[in-house]
Amino acid sequence: MKNISEMMKQAQEMQKRMADMQKSLESAEISGESGGGLIKVILNGKGNMVNISIDKSLSNESEFSIVEDLIIAAHNDAKVKLEEYTSEEMKKITGGVNIPSGLKPFI
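The numbering of the sequence shown is the working numbering, which starts it at 1 and goes up by one.
Read the hints as simulated data drawn from the structure, not as lab findings. Each hint should be verified, as a subset may be incorrect.
[To be verified] Restraint ranges, calculated between C-beta atoms of paired labels, are given here:
1. 11 with 61: 36 to 42 Å
2. 51 with 2: 14 to 20 Å
3. 65 with 16: 46 to 52 Å
4. 91 with 7: 16 to 22 Å
5. 48 with 8: 33 to 39 Å
6. 50 with 9: 52 to 58 Å
7. 17 with 52: 28 to 34 Å
8. 91 with 47: 17 to 23 Å
9. 94 with 54: 34 to 40 Å
10. 61 with 17: 49 to 55 Å
11. 51 with 10: 35 to 41 Å
12. 88 with 4: 28 to 34 Å
[Stated by the list, open to error] No farther apart than 30 Å at their CA atoms in a straight line, the calculated lysine-lysine pairs in the BS3-like style are these:
13. 91 with 40
14. 92 with 46
15. 81 with 56
16. 23 with 46
17. 2 with 81
18. 46 with 79
19. 16 with 91
20. 9 with 46
21. 79 with 23
22. 91 with 23
23. 2 with 16
24. 23 with 40
Model, not experiment: these values are computed from the prediction. The beta carbon of each residue, even a glycine, is placed where N, CA and C say it ideally should be.
Use the sequences and the hints to build the structure in full.
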């Protein structure tokens, strides 16, 4: 029975660490860029875009569709980085044990 008690204690500790990680992810900001830095976006830890920076050289109306494509690419870049960051934070908590996708935080 001591084994089960110890496992329960470890599970509760992991649950607490995951809750702490979720709180820290809320304040995380991950940036992505495209077009050699002409477009930059910042996502919060939940994957929401919180800031965007567009270089003034892209203000030409004839290049507007390029700007739209670059925004999407910058967002995708930041999203990939956020997923990598979240994965690394989870490894710190779980000691490298894979967690089922339904239990992963936010993204």
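Hints, one by one, checked against the model:
1. 11 with 61: 36 to 42 Å: 58 Å, violated
2. 51 with 2: 14 to 20 Å: Between residue 51 and residue 2, where Cβ atoms are some 51 Å apart, the hint is violated.
3. 65 with 16: 46 to 52 Å: 48 Å, holds
4. 91 with 7: 16 to 22 Å: The hint (16 to 22 Å, Cβ to Cβ) holds, given that residue 91 and residue 7 are roughly 20 Å apart.
5. 48 with 8: 33 to 39 Å: 35 Å, holds
6. 50 with 9: 52 to 58 Å: For residue 9 against residue 50, whose Cβ atoms are near 38 Å apart, the range 52 to 58 Å is violated.
7. 17 with 52: 28 to 34 Å: Since the Cβ atoms of residue 17 and residue 52 sit about 33 Å apart, the hinted range of 28 to 34 Å holds.
8. 91 with 47: 17 to 23 Å: Once the Cβ atoms are compared, 19 Å apart, the range 17 to 23 Å for residue 47 and residue 91 holds.
9. 94 with 54: 34 to 40 Å: 39 Å, holds
10. 61 with 17: 49 to 55 Å: 51 Å, holds
11. 51 with 10: 35 to 41 Å: For residue 10 against residue 51, whose Cβ atoms are near 39 Å apart, the range 35 to 41 Å holds.
12. 88 with 4: 28 to 34 Å: 31 Å, holds
13. 91 with 40: Cα-Cα ~28 Å, so holds.
14. 92 with 46: The given pair, whose Cα atoms are some 19 Å apart, holds under the 30 Å limit.
15. 81 with 56: Holds, because 25 Å separates the two Cα atoms, which is no more than 30 Å.
16. 23 with 46: 10 Å, holds
17. 2 with 81: 41 Å, violated
18. 46 with 79: Cα-Cα ~10 Å, so holds.
19. 16 with 91: At roughly 15 Å apart (the allowed maximum being 30 Å), residue 91 and residue 16 satisfy the hint.
20. 9 with 46: 29 Å, holds
21. 79 with 23: 18 Å, holds
22. 91 with 23: 16 Å, holds
23. 2 with 16: Holds, at roughly 21 Å.
24. 23 with 40: 25 Å, holds
Checked against the numbered hints listed earlier, the structure breaks hints 1, 2, 6 and 17; every other hint is satisfied.
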